[in-house]
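Sequence lines, in order, name chains A and B.
According to my numbering, the stretch in the first sequence is residues 1 to 235, in order.
According to my numbering, the stretch in the second sequence is residues 1 to 226, in order.
Simulated from the structure, these hints should not be mistaken for laboratory data.
Since the structure is predicted, the reported quantities are computational estimates derived from the model, not experimental observations.
Just so you know, even glycine gets a beta-carbon here, dropped at the ideal spot from N, CA and C.
Accuracy of the hints is not assured; some may be wrong.
Said to hold, decoys possible - Selected chain A positions facing chain B (in silico; Cβ < 7 Å):
id : residue
1  : S7
2  : S29
3  : R170
4  : E217
5  : A219
6  : P221
Here is how the chains run, residue by residue.
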Amino acid sequence: MDKSCASAAEAVACIPDGATVMIGGFGGSGGPIELIHALIDKGAKNLTVINNNAGNGDVGLAAMIREDMVGKLICSFPKSKDPRAFTERYLDGKIELELVPQGTLAERIRAGGAGIPAFYTPTSYGTDLAKGKPVGDFDGRSYVQERWLKADFALVKGELGDPMGNMTYRLAARNFNPLMCMAARHTIAQVTKLVPAGGIDPEQVITPGIFVNSIVEIANPQQEEVLNREGAVYP
Amino acid sequence: MTDFAEIKLSNAQIAWRAAQDIEDGAYVNLGIGFPEMVAQYQVEGREAIYHTENGVLNFGAAPAEGEEDWDLINAGKKAITLKDGAAFFHHADSFAMVRGGHLDVAILGAFQVAQNGDLANWSTGKGVPAVGGAMDLVHGAKRVAVVTDHVTKKGDPKLVAECTMPLTGVGCVTRVYTSLAVIDIEDGHFVLREKLPQISLEELQAVTGGELKVQGTVADLIVPEL
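Chain B on its own, in the form it takes in the complex:
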């Protein structure tokens, strides 16, 4: 049995792989936390326009410490900067961009993704419930992708036949970038597109909660050291 802990991709590497699929000129929303790392690995020569729920298009990296203007933040309440061509708008316009199908890509984190594209990423069912924009973001973007470890800290599959945690959205995820593989969701199935070359299909299936279908060839998932 391969030791996955030794070979699995880091969060930075998962973010790098997700960034390779963002086309030049795409309008993109990155979920708070881990998905925000995708912006750091934008492919050279391509320009993505980032959207944040609280009403900014075309924001850039965080300002230097001490240079923050706290009226200029992202949905994660972190200070941001503006790029040339940025725009401000109110919350209803912001979510019109989301639900109205105007975003090209939304990239989110996940507790669980089911083989039919159901996503659970907002609630563990304990403590104070908080949803923010998660339930809106899974609807409307042309592609809804997830970046995640392939398994939980306990080793349980995060890609499952059916979600057992509270749902964020039904049938919404189109692609999952994990620490071991790239998997599309098509017609209610996980379709394996890429996997780490050190892992066999059987080993990957053993840590995946739904059946992995193979259509044609499975490419090697090759990511640089970061």
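Bound conformation, chain A alone:
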């Protein structure tokens, strides 16, 4: 089995207009910047993007939004140091926002990957974000029903990967990445180092290869926070 791909461009070539795309990362940590930039190079319109944030500055997801590739964003916190790209379009009514509490976002993605269509959570009960959602009482407390989230594609970033799709993550760059690998029909991963099968100790594997469809080595990956501190603009 060999899921490895020669380039980021080749890996994202299959993403069409209108697709739902999960993008891993939390703030500047764990975002697959090279895959996002390859998608910007390819171009795609009217995407629904699922990410914790709405990008920062002029690179990565913020650049996708600036290029008017995103019609709808599902996220928990669309604010950052420099959220201009999203904020301007949101206030102009040019981008739709589905705001989801962060833990609910994570669990909805996990549920999507695990084949669980809905679940109940205490989060958001009695608040504006629970409006219109079914409520259930369990053992004397009230809970809000939330539905699974699935995607056509996931773009994720790992540290070590092998051609089977097995992956590890670096530090806190793990965040949403393993969950999104599970919840997408086609998961595309960039890893800092691609090793032969057997090169990752099976005890250290965080994402088993069954959840990954395509894997590309990007040595010395860019890091969103570092790019923003340098004032980088893409393209």
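For chain A, the structure is supplied; the task is to place chain B on it using the hints.
Positioned in the frame of chain A, the structure of chain B alone reads:
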């Protein structure tokens, strides 16, 4: 009338007071911003284990400038360091720790706290809405405490009979540390536990939006200069 501006506790002093209630070995989540100051005043001889939503347990202080690794951040997107015995995990596990009742204490900021424990701390109702982990954090921790100024910049009470701002959670707050007092929320009431000795109960009640109940003695709120 006492001039509260002269005597009220600073944010550092409120954080110090909140830190005194964190037991040795507690698992703690501190909200972004002001609540993060609580970690600076951990009581000597006690060790708390700090949790951050983006998947780290047992992180430490910020690294020296230039030493940051931007893959190692907290929920406020600030660089952190690791202590011995730290652990990484993904977001679903992280919020299982939160909702699943595994955290001992969550300490959050507030726009308003109501006498029934309702909390409003995520939205002013204007601009781009952003909730992050606030609505999750108010559920599951054994204690959900708030650190806050007693009144708004305009002088309006932040402890109110009923919240008028968008709610973060219903009936979730158990204790409030303010710039003037320490107040528990029990059975739908504010119960005054400690107050600055320079302020009378009547003066405190005048800047509090719900009735302050007194059960037994009210201790003096004594905090060092910081």
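Hint-by-hint comparison with the structure:
| no. | hint | verdict |
| --- | --- | --- |
| 1 | S7 | 23 Å, violated |
| 2 | S29 | 5 Å, holds |
| 3 | R170 | 5 Å, holds |
| 4 | E217 | 18 Å, violated |
| 5 | A219 | 16 Å, violated |
| 6 | P221 | 10 Å, violated |
Checked against the numbered hints above, the structure violates hints 1, 4, 5, 6; every other hint is satisfied.
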